[in-house]
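A.B. asks: This is what each chain is made of:
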Amino acid sequence: MKILVVDDSKAMRAIVKRALSTLDRVAGATIVEAVDGKEAFATAQAEQPDLIISDWNMPEMTGIELLQALNDAGSCPSFGFVTSESTPEMHELARSNGARFLVSKPFTPEALDDALASAV
Amino acid sequence: MQLAEIELDRITGDIFAAILGLTLDGHRASDTFPPDERVVTGVVQITGDFEGAVSVQLGENLALRAAQLMFALEPGELTDEEVTDTVGELANMAGGNVKSALGGSSTLSLPSVTAGRDYRVTLPGTVIKDRIGQDCDGDLVVVALMQRDDTL
Chain A
1 MKILVVDDSK
11 AMRAIVKRAL
21 STLDRVAGAT
31 IVEAVDGKEA
41 FATAQAEQPD
51 LIISDWNMPE
61 MTGIELLQAL
71 NDAGSCPSFG
81 FVTSESTPEM
91 HELARSNGAR
101 FLVSKPFTPE
111 ALDDALASAV
Chain B
121 MQLAEIELDR
131 ITGDIFAAIL
141 GLTLDGHRAS
151 DTFPPDERVV
161 TGVVQITGDF
171 EGAVSVQLGE
181 NLALRAAQLM
191 FALEPGELTD
201 EEVTDTVGEL
211 ANMAGGNVKS
221 ALGGSSTLSL
231 PSVTAGRDYR
241 VTLPGTVIKD
251 RIGQDCDGDL
261 VVVALMQRDD
271 TL
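Protein sequence lines, in the order shown, are assigned to chains A and B. When the letters of the first sequence are read in order and numbered with the numbering used here, they come out as residues 1 to 120. When the letters of the second sequence are read in order and numbered with the numbering used here, they come out as residues 121 to 272.
Read the hints as simulated data drawn from the structure, not as lab findings. Certain hints may be false.
As the list claims (entries may be wrong) - The calculated label-pair distances, taken between Cβ atoms and stated as ranges, are: (1) 60(A) x 245(B): 27 to 37 Å; (2) 74(A) x 146(B): 46 to 56 Å; (3) 113(A) x 255(B): 30 to 40 Å; (4) 180(B) x 17(A): 41 to 51 Å; (5) 227(B) x 113(A): 42 to 52 Å.
Heads up, the beta-carbon is just placed ideally off N, CA and C, and yes, glycines get one too.
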């Protein structure tokens, strides 16, 4: 399994990667990273990940714009958000664009594992 | 949720516990850093139905410790960029949680971070609605919620 972690914060990418490393559900997965939606779109085309875990609010291209761009390109793998913002409108927008989950920061590895149950 | 119902201490405590594994100990008597202490400040602005900002301030000692925990690195291995990124992300999470609690349609900015000694953080046109100091193993964490005030 290959997972693309997208966040403009290097610290948060480190937190997400560390949480993933503790989860049996994704044991042995290869993790690749991108710093914003624009880089993630290119990385997704090149690396063909099985799952993308993305922040929402990022420079260049936001997480929801990334999801929409991947849908438009017809190449969207399983996709979920890990974001500090979590409003009902964001949940609806994410869901309507095909996102499998939206986990709010701060999160625990258990919360991420629960979310991944619907995505992998 | 109304602005007065926002619990900055709970929001910050949850972030520090979940992300850093650190416990914040209630309100501290002082919410002011000593003038000779280097302080790292992260700020995010909220625009839309709510107009304001959230700031998170840590002394350099705690900022380094937080970055160590975030990146699982030793002190000597950390770069300034990683410390800045850590405090920015703490502010981002605090601001995002405030924005979500307030509801409505608003946009969260990307975080900005500054560091130095003996300075004040001022956002022109805003007033401080809440400001708390919390203790983290002897180090101070200060969180503030500002709201735009058009009468200023």
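A.B. asks: Now look at each hint and say whether the structure bears it out.
C.D. replies: Quick rundown of the hints versus the structure:
1. 60(A) x 245(B): 27 to 37 Å: Holds - the Cβ-Cβ distance for residue 60(A) and residue 245(B), about 28 Å, lies within 27 to 37 Å.
2. 74(A) x 146(B): 46 to 56 Å: About 53 Å separates the Cβ atoms of residue 74(A) and residue 146(B), which means 46 to 56 Å holds.
3. 113(A) x 255(B): 30 to 40 Å: Holds, since residue 113(A) and residue 255(B) (Cβ atoms, about 32 Å apart) stay within the stated range.
4. 180(B) x 17(A): 41 to 51 Å: 26 Å, violated
5. 227(B) x 113(A): 42 to 52 Å: The hinted range 42 to 52 Å is violated for residue 227(B) and residue 113(A), with Cβ atoms some 30 Å apart.
This entry does not satisfy hints 4 and 5, going by the numbered hints stated previously.
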